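Novice: In this note's numbering, the protein residues as written are 23 to 336.
These are calculated hints, taken from the structure and not from any lab test.
Every value quoted in this text rests on a predicted model; they were computed, and no experiment measured them.
Glycine included, C-beta positions come from ideal geometry on N, C-alpha and C.
Please note that a few of the clues may not be correct.
[Unchecked claim] Derived DSBU-like pairs (lysine-lysine); straight-line CA-CA distance at most 35 angstroms: (1) K245 x K117; (2) K97 x K183; (3) K83 x K34; (4) K117 x K34; (5) K197 x K97; (6) K117 x K83; (7) K97 x K34; (8) K183 x K245; (9) K245 x K97; (10) K197 x K34; (11) K117 x K97; (12) K34 x K245; (13) K83 x K245; (14) K34 x K183; (15) K197 x K183.
[Unchecked claim] Pair by pair, the computed Cβ-Cβ distance ranges are: (16) V95 x E181: 13 to 21 angstroms; (17) D282 x E192: 36 to 44 angstroms; (18) D307 x R332: 49 to 57 angstroms; (19) D113 x E230: 51 to 59 angstroms; (20) D205 x G114: 53 to 61 angstroms; (21) R306 x D68: 39 to 47 angstroms; (22) D302 x A182: 40 to 48 angstroms; (23) M72 x R179: 20 to 28 angstroms; (24) K197 x N283: 36 to 44 angstroms; (25) D228 x P65: 26 to 34 angstroms; (26) A257 x R42: 33 to 41 angstroms; (27) R42 x E297: 17 to 25 angstroms; (28) T25 x E254: 44 to 52 angstroms; (29) T119 x D307: 42 to 50 angstroms.
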Amino acid sequence: MITLTDEQIQEKYSISHAIRDVEGILRDYREGAIVQAVRTVLPVDDESSMLYMPCISTASKTSIIKTVSIFPVNKDLPTTQGNILVTDLEDGRHKATMEASYLTRLRTGAMTAIATDKLARRDATVLGVIGTGNMAFEQVLGVTEVRPVERIILFNRTEAKARDFRRRIESFGIKADVEVVGDVSEVVRAADIINCATQSTVPVFDGEDLRAGTHVNGVGSFKPSMREMDNETIARADQLYVDDLEAIQEEAGELMHAVDNGIIAWEDVRGSLVEFFDGDYLRRDDTEVTLYKCVGAGYFDLAVAGGVMRMFSE
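The task is simple: from the sequences and hints, build the whole structure.
Specialist: So, in structure tokens, the structure goes:
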């Protein structure tokens, strides 16, 4: 059995690889080759959680189970830490164990790239980032992979973290002007695309500030108690798409709250990634507000774990 660290994976496996492999797993899912259980989230305390995500592909004869710890109070360790165990379903051998913090962020960024490519205006050049924790960086990579971003506006509740994030973007070589602002409304009022990646239990921006034609990616909240987007944002969405509807109905706090309060019905969700990833451009005009909500599912982790296995077997 091989063991791979985040650093080893990051040296070889990038956002473009992840997009390719996520699209591949969506084709497998469409063909009925994926068997999975809904993610299990177990609370450790009021702030920390453990996540368990199993999935099988009958197409590739591969199984994974991902374990993720989310400890927001960590100071010297990452907030999110993960591990994936890969099993060969031909003979039951455990083939690899790999750190999954980077892969979790990367596959989510790949999913965001696919959704953004189908929903954001083609001329979108201003990206707003709300929340600059670990998950946010690969979201930026995903958007810049599919749109010609010229300006990136950052907001974080702790401004020093946003400044650190700016330095990381600049050192990575992303070709855009990057600025940090102290008021989240400055982000929302200026952005063509908004990436929201927080674990907040209350909305972090005012949906009334959204400009016509904005596309919003909501990727941070993953429990019923979390609500990083407000009802106004959800109500203003002319088109609403999700990564996986079954998972969303169990875990997306802001959408669950909106349904419970009659803001939307589940029937208002137009589709999930598997239904639109290889279809036509979805935006009908440049004035629509579009929204993509993501909570994650095991087959997306299987996609990138399988891609890594193929890459390190070559």
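Novice: State for each hint whether it applies.
Specialist: Hint check:
The straight-line distance between the Cα atoms of K245 and K117 is roughly 31 angstroms, inside the 35 angstroms bound, and the hint therefore holds. Between the alpha carbons of K97 and K183 the distance comes to roughly 13 angstroms, so the proposed pair stays at or under 35 angstroms and holds. At roughly 24 angstroms between alpha-carbon atoms, K83 and K34 fall within 35 angstroms of each other, so this suggested pair holds. Distance restraint check for K117 and K34: the Cα-Cα separation of roughly 19 angstroms lies within the 35 angstroms cut-off, and the hinted pair is therefore satisfied.
Our distance criterion of 35 angstroms between C-alpha atoms is met by K197 and K97, whose separation comes to about 30 angstroms. For the given pair, K117 sits about 12 angstroms from K83 by alpha-carbon distance, which is consistent with the 35 angstroms threshold. With a C-alpha separation of about 28 angstroms, the suggested pairing of K97 with K34 holds against the 35 angstroms cut-off. Distance restraint check for K183 and K245: the Cα-Cα separation of roughly 24 angstroms lies within the 35 angstroms cut-off, and the hinted pair is therefore satisfied.
For the hint linking K245 to K97, the alpha-carbon distance of about 23 angstroms falls within 35 angstroms, and the restraint holds. At most 35 angstroms may separate the alpha-carbon atoms for a hinted pair to count; K197 and K34 meet this at roughly 21 angstroms. Note on K117 and K97: the hinted pairing holds, with a Cα-Cα distance of about 33 angstroms set against a maximum of 35 angstroms. Between the alpha carbons of K34 and K245 the distance comes to roughly 32 angstroms, so the proposed pair stays at or under 35 angstroms and holds.
Straight-line distance between C-alpha atoms of K83 and K245 comes to about 31 angstroms, which keeps the hinted pair within the 35 angstroms bound. This hinted pair checks out: K34 and K183 have alpha carbons roughly 27 angstroms apart, not beyond 35 angstroms. With a CA separation close to 20 angstroms, the supplied pair K197 and K183 stays within the 35 angstroms bound. At roughly 20 angstroms, the beta carbons of V95 and E181 sit within the given window of 13 to 21 angstroms.
Separated by about 43 angstroms at the C-beta atoms, D282 and E192 satisfy the suggested range of 36 to 44 angstroms. Checked against the given bound of 49 to 57 angstroms, the beta carbons of D307 and R332, roughly 40 angstroms apart, lie outside it. In this structure the hint that D113 and E230 lie 51 to 59 angstroms apart at CB holds, the actual value being about 58 angstroms. Take D205 and G114: their Cβ atoms lie about 55 angstroms apart, and the range 53 to 61 angstroms holds.
Our hint of 39 to 47 angstroms for R306 and D68 holds, since their Cβ atoms are close to 43 angstroms apart. In this structure, D302 and A182 meet the distance hint of 40 to 48 angstroms, their C-beta atoms being roughly 43 angstroms apart. Checking the proposed 20 to 28 angstroms range against M72 and R179 shows it holds: the Cβ atoms sit about 25 angstroms from each other. Taking the beta carbon of each, K197 and N283 are about 42 angstroms apart, inside 36 to 44 angstroms as hinted.
As the Cβ distance of D228 to P65 is approximately 29 angstroms, the hint placing it in 26 to 34 angstroms holds. A beta carbon spacing of about 35 angstroms between A257 and R42 agrees with the range 33 to 41 angstroms that was offered as a hint. Against the hinted window of 17 to 25 angstroms, the Cβ-Cβ separation of R42 and E297 comes to about 19 angstroms, which satisfies the hint. Range check, T25 to E254: about 47 angstroms between beta-carbon atoms, so the 44 to 52 angstroms window is met.
Look at T119 against D307: about 48 angstroms separates their beta carbons, and that is inside 42 to 50 angstroms.
Hint 18 from the list above is the single one not met by this structure.
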